[in-house]
Structure formats: structure tokens, C-alpha cells
Amino acid sequence: MRLTELSSWLMTWKTAGTLQVFKLAFNEWATSLMFHAEQEDKYVTMPLIQCTPSADDPSLGLADKVKDTMITHEEEMHEELLSGLEDVFAVLNEDIGSTSVITRTKQHLYGQVMTLRIVQEDHLDTEEALVLLMVERCLTDEQQLLAARELLLDNAAADPRWVMNWISESLTDGERVLLANLEARFQALPVPA
Amino acid sequence: MMEDITHLERPIDVQILLHKAFHTLSLRVEKLAADSEKGGDLKKFEDQFGYWVKQLLYHATTEDNFMTGPLQQDVARDNESKHVVLVKNATDIIEFVGKGDSAGLEDSVKAAMFTLDEKQHEDLVESANDIQNILTREMGQDKVITRTRRHLYRKVMDMRILEFDHFENEEVFVIPLIREQMAGNQELELARLLLIDDTADDPRWVIDWVAKELKPSERVLLQELEDSFAGISAAAD
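Protein chains in written order, with the working numbering: chain A, 20 to 212; chain B, 824 to 1060.
Simulated from the structure, these hints should not be mistaken for lab results.
Every residue gets a Cβ at the ideal spot worked out from N, C-alpha and C, and that includes glycine.
One thing to keep in mind: the hints can contain errors.
[Claimed, not checked] Far from chain B, some chain A residues (derived; all Cβ distances over 10 Å):
| no. | residue |
| --- | --- |
| 1 | Gln39 |
| 2 | Thr64 |
| 3 | Lys86 |
| 4 | Thr91 |
| 5 | His97 |
| 6 | Met133 |
| 7 | Thr134 |
| 8 | Leu165 |
| 9 | Leu171 |
| 10 | Leu172 |
| 11 | Ala177 |
| 12 | Asp178 |
[As the list claims (entries may be wrong)] DEER-style ranges, computed between Cβ atoms:
| no. | chain 1 | residue 1 | chain 2 | residue 2 | range |
| --- | --- | --- | --- | --- | --- |
| 13 | A | Lys61 | B | Arg851 | 12 to 22 Å |
| 14 | A | Met53 | B | Val1043 | 31 to 41 Å |
| 15 | B | Asp988 | A | Glu57 | 49 to 59 Å |
| 16 | A | Ser102 | B | Asp988 | 55 to 65 Å |
| 17 | B | Gly1054 | A | Asn46 | 52 to 62 Å |
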């Protein structure tokens, strides 16, 4: 279940028992987002910050200053997303337990999930428009491939392919072929530590 | 979805009918805001949002003057202060829509600028319009509009949830006080004022709207309550 489905489902759910379905779906989404944010900070944002001049560099034009500021802000958006996830977990685990849910709590959960959806979409838009261009400029092909591998494969997990499998569920057949081709290129990289 | 209302025990229970009408209207406005993320103009949203705010302003003002105004308890003042917050939310949304398609981008740029030190911040603030133009060029006009519509939806949803919470608090904390402290005829007059705007060209603009938002069986309850208003002038005579 994706985030938009989660929020619309929240609006219509009627019985307390089905809260378990929401919890499971939310856990899946939160786990994916947390892994993505952590890996992105480490393998994309950090190398970019090292590569780009500081926003107070006098040689920078306004356009570059703005882009640098927005890229630096990416880390904060991750923090905002993670903090939003924690807020929802707090409601799920502390306020309502697993047996009963009052209407007000449902409304607040809905609000929190929709807010998360909006922060996530803002973040992804900024990333696609500004950050990816900087990645192409700053990172070598090998660094980009390494970042892609770390975003897709979780070597610390019992099933390292859980991210790949989760993403595949949302892709068309053609897109799955692209993903498989990318995965094949990981063979050329050094074995992860 | 609110449950069906099957009877009104006292005139002040008109609030349950009114709150149900507000629930329906505000959810409709929220859906229009959500739909606007897909594109199109905001005319229908703006019309319905304006109507929601008009109803809310009359309702809140009437409550402040004739329902909580005479009460001395802190809970009455809390109720009035929640009205101020709701109106502030509505004003913010009107200002946000007034800023046009790049209002959402402006929100994001402001948030990013908080990461800068004071000098950098001042430099960039001076170039705010240029910054928005640069980002619009980089991101594309469609994404800028979509972001603004997303933020609009978030603001409307926040206001709707605030309104729901407020009505719920009012039903739990304020309405029992009215039942305890208001005389029967005074309570009936309050119900009348909440539904009939004596100062308007069309005094029935509130009650007619409430009727439209209710189920036929609930409309009967509203009609019965309106019929009882005739007793107010009789008692006054």
C-alpha cells in the first residue's frame, strides 16, 4: 500500500480491528523511507556538499547560491520526514494502542499522513529538479553507480534485495528491465564492506 | 461521516445539526483543494472556500455574542479564542491563494533560507523574486503549480481538522453549560440567532444552507425547531 492509498484508506476505515492493516502498511513505508534517507545523506548529499562551494563563496552567482542552499536543505527535509514518521508512530503505539480508535485520532492520523505525503513530494521534486543535476556534475560514473547500489541493496539486512523488490512492485515491465540492467552493472563495483 | 441525528432534546441541540452541515461543507472544500492538485483553475475551490468562511464567520460571531459571551467560565473564553485561530487559518489561506502559482515555492525557499547565516540570508532575501524565477525555470512551471496546490491542500486540511476538533470540544464542554445556565426562552432565541440572520437582506441564508446539507429526516427536525421560534415572540408579548 502506497502513501496516498494509506491516507485515503484512513479516511474511510470504520473498525478498530483494521488498524493493524494500516500499521503494517505504514511500517513498510516508514522502513523504506528511513533507509532511503539514511543512504542518500551518506552516498549522495555528503559527496555533493564536499564538491560544491559554500553558499557564501563570493565567486558564486545567485543561481548557484540558491541551488546550494536548496541542496543543503535536503538533509533538513529528511529530518522533517523522519520526525513526521515518529509522530505517527507515537500515535499508533502510545495514544491508541491496538484496540480502539476514536474519530479525533483518526482525523489526526490522516492529517499527519497527508502532511508526510506533501513533505515527501516536495522533497522528491526538489531532488529531481536540482540535486540530480548536481550529482551528474559532481560525482564520477563509478560514484553514481555506487550510490545507486547503496540506495537499492541493503547489505545489512537478512534479505539485501528488499528495497529492489519493494520498488519493483510499483514499476511497469519495461521499467523493471531498466532496474535489472542497472543491477547488472553493480557487478563491476568493488564488493561492499 | 457523522451519524444520523434522530432527535433534538433541547433548542441548543441545533448545534449538532449546524456542526453536521459544517462537516459536510468543509469536507467538500477539502476535496476541491485535493482535486486542484491535478490541475485546472481554482474558481470552484475559491467560491466554496469563500462560502465556508462566510458561514463560519457568522456562526463564530453569533456564538461569541450570544452563546459564550454571557458565560463567565474559562471554557467560554477558550471557545472564543479557537474562533480567532480558525479565522487566522482562513485568512492565511486567502493570502496564500492571492500570492498565485508560486506561493508553494515561496514556502520552500523560506524554509531553505532558515539554514543560512544572517548575512547570506539578507543577501538572498533581497533577491527573492529572482530566486523564485530561477527555481521556476529549473523546476518547470507545472511542478511549481503542483507544489502550490499541495500546500494549499495541506492548509485547508489543517483548517478542517481544527474545525472538527473545535466543534467536538464545544459539544463536550460548552453546550452542557448552556443547558445548565440558560433559560428556555433564551436558549430558543440563541438557536434562532444561529439560524436566522436578522441583519441580512435574506435572513434565511444560514438555515436554508443547513437544510440543504442535511438528510430529509434531519430537515424535519430543523423545521420543527423553526416552528417553535414562533413561541419566542409570543412569550415576549
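Structure-based check of all given hints:
no., hint, in the structure
1, Gln39, "holds, 22 Å"
2, Thr64, "holds, 13 Å"
3, Lys86, "violated, 7 Å"
4, Thr91, "violated, 6 Å"
5, His97, "holds, 13 Å"
6, Met133, "violated, 6 Å"
7, Thr134, "violated, 6 Å"
8, Leu165, "holds, 26 Å"
9, Leu171, "holds, 25 Å"
10, Leu172, "holds, 30 Å"
11, Ala177, "holds, 37 Å"
12, Asp178, "holds, 34 Å"
13, Lys61(A) - Arg851(B): 12 to 22 Å, "violated, 45 Å"
14, Met53(A) - Val1043(B): 31 to 41 Å, "violated, 54 Å"
15, Asp988(B) - Glu57(A): 49 to 59 Å, "violated, 35 Å"
16, Ser102(A) - Asp988(B): 55 to 65 Å, "violated, 22 Å"
17, Gly1054(B) - Asn46(A): 52 to 62 Å, "holds, 59 Å"
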